[in-house]
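Model the placement of chains Y and U on the given structure of chain S, informed by the hints.
Protein chains in written order, with numbering that gives the first Met the number 0: chain S, 0 to 273; chain Y, 0 to 363; chain U, 0 to 379.
Treat the hints with caution; some may be incorrect.
[Claimed, not checked] Sample of chain U residues at the chain Y side, in silico, Cβ under 10 Å:
#1 132
#2 142
#3 254
#4 357
#5 362
Hints are computed from structural coordinates only; laboratory data are not their basis. On a predicted model such as this, the values are computed, not experimentally measured, just so you know. Glycine included, every Cβ here is placed at the ideal spot set by N, Cα and C.
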Amino acid sequence: MSESENGKPDTGATPEAPKPGTEEVEPTSAEPASDSEEAKAAAAARAKAEAAAKRAAAEAAKPAWEKDPVTPEWQEADQDPLVQALRGTHAEALQSSRLFAGDLVVEVAREEIRNVCRTLKEAQGFTLLVDLLGAHFPEREEDPFEVVYILYSLDANRRVRLKVRTAEDVDVPSVTPVFAGANWPEREAYDMYGIRFEQHPDMTRILLWEGFNGYPLRKDFPVEGIDTGAAIYPEFYGETAGPVAGTGTGWRPPEPPADEESESASAETAGDEA
Amino acid sequence: MPGVLTALHDSLGATIFYFVLSPALKIAILLILVLTLIAYTTFAERKILGFLQVRTGPNRVGPWGVLQPLADVAKLLVKQDIIPDRAVRWVFVIAPCLVVGPALVIFSVIPFGPSAELSGAFNWFITDVNVGLLFVVAMATVGVYGIILGGWASNNKFSLLGGLRSAAQMISYEVPQGFALVVPLLMAGTLSLTGIVDAQFDQGRWFVFGFFPFGLLAFFIYFVAGVAESNRNPFDLPEAESELVAGFHTEYSGMRFALFFLGEYANMIVISAVAVTLFLGGWHRPFANVEALSFLDLGFLPGGMSSFVWFTLKLLCFLFVYIWFRGTFPRYRFDQLMDLGWKWMIPASLIAVSGTALVKILLA
Amino acid sequence: MTDHEPDSNPQPETLFGVEEMELNFGPQHPATHGVLRLKLTIDGERINDCYPIIGYLHRGTEKLFELHPFFQNVPHTDRMDYVAAATNNLAYVGAVEKLLGMTVPPRARYIRTLLSELQRISSHLLWLATHAIDIGAMTPFFYTFREREQILDMFEEYCGARLTLNCMRPGGQPFDLPVGWVEKVGAFNEAFPEKVDEYEGLLTENRIWKKRTVGIGILPPEVALDYGVTGPMLRGSGIQWDIRKAMPYEAYDEVDFDVPVSYNCDTYDRYLVRMEEMRQSVRIIRQCLEKLPDGPIMAKRPRVLKGPKDSDVYHSVEGPKGEIGFYIVGDGTPNPYRCRVRPPSFYNIEVLPEMVRGGLIADLIAVIGTTDIVLGEVDR
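Excised from the complex, chain S in its bound form (with noise of 0.2 Å):
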């Protein structure tokens, strides 16, 4: 699969790849035939040259699939028009503007992030929400969380990644009212991460149940999940009973009260019973 079809054999150990300037490394000798072996060796030299230079050439014409995939880097985006019109109005708020494969990420402070959400939407034409999501890094020891904002504007055909840093328990505030749709988005992050958004309509969970102890995308979060029963009916299930997610324990009911006049009771009606 890494084979190219135009019949040129797969080289294993490719020559270190000569560099454009040696193409005229070698000068045609004045004396051609003085001293042969001189002769014969610079003819050598000069036909591997040229052979290591096709081969060059061969490779760098070779399709892109051909050749191995050249990583993206982060570039700077302060040349970025809408950079410059956002550093207009927000200049403290933004932290740091990049390109990364053709997307804009734009880093943003938290407070700012409604307003800045609001001037893209009606100043610079950004009307389509289409994503909002949370993420969890916690080798970062301040601000582990980040919420991530993606825009479309549909006049600019043109996307901008906003990305917001937040640590645990301090909220960040809400986009419903710039963007009504931000409404579940914000909840699942709030289900998932544990983030908060202030002003939000709704603030509750909305894919795991009410109840639910825990935010499972968090890193720290085992993926065989957790004990799911005591931690949501304690008083039902007791310490350490209920299911417990991954081992199939099952449901057990709960133990009757251990006194002596139910258990003497107990006793009774299982004789009667039996």
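Just chains Y and U now, kept in the frame of chain S:
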């Protein structure tokens, strides 16, 4: 056969024979026939719908699936009988009977053939009430009770909604249906169903073609209102599966559900039978007055069977049209349904009635 | 705990003291196309409020994504929108390719376009079947499934599966087209437009169908954009935006097709948009079959795909239900660090209360049908 009947007549006495034995026999035979027809209408529906939908219907039970209704009946009989916990028991139990009963009772006045004088043997109907048409309308109205009560007694919001919708729909469509029924009444001059059939023979044409276009209009309105009365597609919102699960009969299972089901198909058949009687000449063959077509009399059939056969053939055409509707149309939304009934069909039926009356006055 | 729910049985200020009824629609219900629960506050037949409750099909897919390497996650994407698996696959592998900077050979691009369009037709056929049967027309269901069976058979020949296709890999295609597959697709493609005429003949001019869908479920374009609605829902509201035209991917910039749009913002228009999309898909497939190039089907790629450290991309494609996108964060390991699915049905359902408020319950059924949701995608 006549020998047995004469013997019974002499031994039991005329009163008991004419008022007890004869009706009882006829009712028994009719019930068996009608129930069989209902069962096989369900089968026909599944088969015909299947062919409309590029698939075969049931074809496992018996050759070409003809024993399917028997399998269905057996299944419904052995199903667990569930009554919801807080349902009102006696109403819950009575509701299906209130749907089936009136539908079957209407069959007692429908003539399947000539009376004793014409046929020479016996009346081909159970009874000839001289206000037969009024009786039909009255019994159809009683059928609404069963649906409301069934929906309410189930202690289920969906059923309640379905029952109320259905009741509203049926009551609304009884008005244009009633008006449409006045048209053959005017044309025949009598409320008795046998009289109406005879009038069609005497006047030499079926009432559907009478006083053109009012007869046709009345027939059309009667049939469409009938489809709405029996909660069939495109007017089957009350029992629409995708909306209210199953409407008023959500909580019914087993034989009770079978009774509702039976009631719906019985309604279908009754409405078709009444339409045949009033508009399509009843048990007469087509062109009953034309001697040249007397081979249509089907004289090779014994006794008065040919009239019964013609009646059934016309009935089956209507049933096919019912099933055809079901395979073709989406269903009307409830308010659109009511709209149609009150704003379009009632004025149209009034036009039919007044037109017929006008023509009759002008002709007299 | 339940202070977010609409007040149960509030007492409105009316002369006669009418009470509103709270009705739970679902999660088990024949018409909700999955486990969707709607808490309706109704006044007789009229819906005063609708509060959707989702999460009954939540399987923790996004957590599972983080467990497996990039190429092993493709089957997970099938199972989200299980009706249109090929476009899910395409969105995911497209995002991975963008992250890693891979280029896909042309033959693979054309095969992917073919599969996506076949999948679009199949998804729209299912939509039509269920929408029609909810409104009461039982017959289109059987007609459309007849065609859908043919498409699923073609998928099965290609990748072995009918529904959860797993038919794409980062960098290209895993299998080349089987012998005779192109002819089969071509034959289906030629016969399909008259089947669409058959369905349209049953429904488009049917006055009952029009009464049930015209003017129902109005979604104004500003509201749609605000809520992030995409796909045929948006195009039925007058905004002619399609990712295949705006940000072309695979072979879409090399084929010719139109994007249908309609301006009345109601259910009937969305129906017309989707029917026309099926015809346009036929057009695209025909051109793909003609132009299908030869060549390799998989790009040159390292044995282990490692996302570059500290990188993230978002890539989306136009699925049958809307924009389906993947946001992938790479961290130098073979597994994605965070993989978020942007599900179109999630946003389409979020706007449902706006569309049904003030309507009747029967209209709710029509609107759920036109939203064309798949709960696997909404809940992941």
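To see whether the hints hold, each was checked on the structure:
1. Nearest Cβ of chain Y to the Cβ of residue 132 (chain U): about 7 Å, under the 10 Å cut. The hint holds.
2. Here the hint on residue 142 (chain U) is kept, as its CB sits about 7 Å from the closest CB of chain Y, short of 10 Å.
3. Among the interface hints, the one on residue 254 (chain U) is violated; its C-beta lies about 32 Å from the nearest C-beta in chain Y, farther than the 10 Å criterion.
4. At about 13 Å, the closest approach between the beta carbon of residue 357 (chain U) and any beta carbon in chain Y exceeds 10 Å, and the interface hint on this residue is violated.
5. Below 10 Å, beta-carbon pairs count as interface contacts, and residue 362 (chain U) has one with chain Y at about 7 Å; its hint therefore holds.
Comparing the model with each earlier hint shows violations of hints 3 and 4; every other hint is respected.
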